[in-house]
Amino acid sequence: MKASKGILGAAIGALLLGSVSAYADTIKVGIIGPFSGPFALQGKNFQAGVEAYMALNGKSVKGHDIEVIYRDLPAANPAQSRALAQELVVKEKVQYLGGVYFTPDAMAITPLLKQANTPLVIFNAATSAIMTQSPLVVRTSFTTAQTTSPLGKIATERGVKKVISAVSDYGPGVDAEAAFKKAFEAAGGQVVEAIRMPLNTNDFSPIMQRVRDSGAEAVFAFLPSGPTTLGFVKAYNETGLKQAGIKFFAPGDLTQESDLPALGDGAVGLLTTFHYAVSHDSPENKKFVEAATKAVGGAEQLSFPSVGAYDGMHVIYKMIEATDGKQDAQKAVDAVKGLSWTSPRGPVSIDAETRHITENIYLREVVKGPDGKTFNKEIQTFPNQKDPGLATQ
Amino acid sequence: MQVIAQTESVAAAPSTGSRWLRDVTGVILIIAAGLAGYWLFPDNLALLTRVIAIALLVLSIDLITGYCGVATLGQAALFGAGAYAAGIACVNGVTEPLTLIVIGAVAGSAAGLLMGTIMLRAHGLAQLVLSIAIVQLFHEAANKASAYTGGSDGLAGLTVSPLFGVFEFDLWGQTAYLFGLALLVVVFVVLKFIVSSPFGMLCRGIKQDPIRIRAMGSFVFPVLLKMFVISGAVAGMGGALAAISTQVVGLDSVSFELSANALVMLVLGGLGTLYGALVGTVIFMGFEHIVSSINPFHWMTMVGALLIAVVIAAPGGLSGVLERISGSGRGKKGGRA
Amino acid sequence: MQTILSIAIDAFAYGMALFIICIGLSLTMGLMRVVNLAHGAFAMIAGYIASYAARDLGLGYAVAIFLAIIGTVIISIPIERLLYRRIYGKPELIQVLMTIGITFCVIGITNYFFGPTLKTIPLPGSLSQPVDIGFKTIAAHRLFVMACGGVVAGGLWFLIERTDFGIKLRATVDNAAMADALGVRTQVVYAISFAIAIGLAALGGVVGAEFLPIEPYYALRYMVTFLVVVSVGGAGSIPGAVVACLLLGAVDTTGRYLMPEFGNFFFYAAVIAIVCVFPRGFFGRAQ
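Chains as they are written, first to last, in our numbering: chain Z, 1 to 393; chain U, 394 to 730; chain V, 731 to 1017.
Hints were generated in silico from the structure; no laboratory data involved. Don't take every hint at face value.
Claimed, not checked - As a list, the in silico SDA-like pairs of lysine to any residue whose alpha-carbon atoms are at most 25 Å apart:
| no. | chain 1 | residue 1 | chain 2 | residue 2 |
| --- | --- | --- | --- | --- |
| 1 | Z | K91 | U | A540 |
| 2 | Z | K28 | U | F560 |
| 3 | V | K820 | U | M609 |
| 4 | Z | K114 | U | P555 |
| 5 | Z | K287 | Z | G266 |
| 6 | Z | K181 | U | Y431 |
| 7 | Z | K294 | V | F844 |
| 8 | Z | K59 | U | I687 |
| 9 | Z | K242 | V | L853 |
| 10 | Z | K114 | U | V684 |
| 11 | Z | K181 | V | F992 |
Isolated chain Z, as found in the complex (with noise of 0.2 Å):
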């Protein structure tokens, strides 16, 4: 078995070749996200936001470089997670941790940030708990809660008062669920039924029975945006749920614009409320699309991640500019707290206690442009919303 020892020292070898020594003023940020397997157009996107952030912010603050290092994640796994942060912080000496898509590989990684003296700033993960696991975690995204609550409103200011609701099974469609049924229920709707459907789910035709069965005029649904958005929104048109006039009502992960293009004609007059469209429109907006699509590659594959990726950027560049590239993690997350700017997706803030963001949640609706292409056009504005599943902790 000598040979054994013989093979590990190879492999052990070729793992010393993939350290990179560090420069002397360079500020390396380290960020972790799916850039392979079956999320790796959400990674893409984190990359196109960081990268056009970068292009239009300059690659420096103050005179410190910034290196960006990306790990990839391709699916939920803490241990994973876990151990790609802390090669991160201990071998390659990031002072900042961004990304993270999956909650559980941010729940993996927040009990490291005090001893590593490192900020998370969260580009992605949309549960709630994350925030209060550490006090260095700060998140640029979106809460599944913050986006889905404005539905409630909306579906009883449009008639709807009997609701089904159907949502994947997993902890972002649980949050989904309860979320629009309060909502919903304090503006005086009823949700008849609630649907929790597998995530592996393949042909939704037997669900869109249910929500013919159940006698509801709308359906709400949450599920994660590719593949399993396209089998249920064409459901929803194929079983003729749409020509019987019930109506749709979803938070923007189901048409996000990337997933446009492969849900067709099917997806127009969707309602779906979100923080961000790419056709918002403001003069920060077209600067980062342009950015953005270059980044990305093409039009077709920009979608939501990349703005918060992008602000996610702004936030850490705002953190070295306080601590004037010393690590201190501490003073980094203080500094940003209350920092308010114009985002691409709108005004938005860092909310001082929670350190989520607060943000503009936009009601809009799928629609076909001039040139024949479908895309979300914003129809109503809620200004200015915080989390409401941190405020009811």
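On the provided structure of chain Z, position chains U and V as indicated by the hints.
Chains U and V in isolation, oriented as in the chain Z frame:
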């Protein structure tokens, strides 16, 4: 029993003395390699600890696939049972690491007993599919019982007390790694004893020809079931180690993907030697880590190419190649199906 | 009653879609004895070709299907020659290693060249509109999928049971050396069977794209489903595959209607129950 790859080297019955010598050397080499990893990569200990936890899982597959000829794509059910049992115990106030490992082992064996009872009813492909169905059911159950397991958000908030009251599980992960290494070595030594015991020999016999073993008057089912329980204990300890060192347990620990990856690592390293399991795990995870650091976007192609290359160049698994190179010549390649 | 009927028709459509995608894998696993985990990868390649032909070139749906099948088979020829030839007759786990490797490569390459977005294959107007069949409206393409499934099942049965090639194939499967000695060119038989299996994967990928959308991760995302369906039916058996697809489709659909939150429990519990009663699958060969 046809789904089994019989690619391992069948020991040409060397004398007991030389086998002893070889195994002692092997264990010393594992310890040496582990310590070398500790000194050479002080900055990557969390990764190395994860490698050890997965190595335990791969070892547990080797026990039932390599030694008993029962292929499984659901071993993560046992790993996850251990991880969740340790995690839930830890959240509820049992924070002593060694106790948690024992809890993981017990939960893993219980899951192994259940899994073995179901899986051993079928053969071949059907058996493989049963293993898939079981791991998917475990996954669903863990997702459903979110009040206890945290569901897809993961079970967070594990605070493990220091090992022996002294060594903390911290950011740098030295405690976790050395603890894991010690656990791996102990488990490995015990498994070496088990597989070379009469019981282990009986398992190999069953793998080669269950009918003949039956004709010789042995019962096949209880022997294999016993191995399932042992395998469950090993996988459960791996899960518990992962839970202790990560402080979060996620649904990925009971996933089909983890099971399939672990089986790939085992075949990569070579079946039925225990060493192959370790070699396969280290090579696969090390390679994956390197290529995904170099190019986080498109590394999957490289891993695929590695697997193809191994099949073309070394169909007996990497540990087979090592033996050929080192010329230690543990008997001829045999038992090709 | 109306509900039962409409669930039944949904279940039938889903089962048929599964059948078209899985039957090629059943052939490779049962007749050629290759555990081809890369099956989905070929289906996905076909999906990309069809999407390119129909959406970017604006060709018709039928032409797109045809091009996808031909294109995928052509792509598969060098892969068969260089890689699959090495694993015929090898232990199954080695085949698993090789075909997973191929799957990873295909996923990586697709992601690199075509990006991670969903790809659609636009349906012609006649297939995309809902059709009223009395007790419910159903998408026309679902009827098309059912018809395709019937044609594929019938055609394969005829090919294997009633033609010269079928006799040679069965002889080769039962005893390759003996068939070779009797003048059957087994290499050719294998090559043709492989091409047929790949062609079926391609057809399934394109026609089934309405159920299982085309994206780079397709091959791994649905691998479990394919494996389970094939094994429950008994690898290599066409009636077995039909029964398994329809039954599992029915369990899946009904489960998701009655108790969606326990849909997966129903499905896998049914798999365990079936396998315990039929340990070799419905029509599996005794080995």
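Structure-based check of each hint:
| no. | hint | in the structure |
| --- | --- | --- |
| 1 | K91/Z with A540/U | violated (37 Å) |
| 2 | K28/Z with F560/U | violated (30 Å) |
| 3 | K820/V with M609/U | violated (30 Å) |
| 4 | K114/Z with P555/U | holds (18 Å) |
| 5 | K287/Z with G266/Z | violated (30 Å) |
| 6 | K181/Z with Y431/U | violated (52 Å) |
| 7 | K294/Z with F844/V | holds (16 Å) |
| 8 | K59/Z with I687/U | holds (21 Å) |
| 9 | K242/Z with L853/V | holds (19 Å) |
| 10 | K114/Z with V684/U | violated (30 Å) |
| 11 | K181/Z with F992/V | holds (21 Å) |
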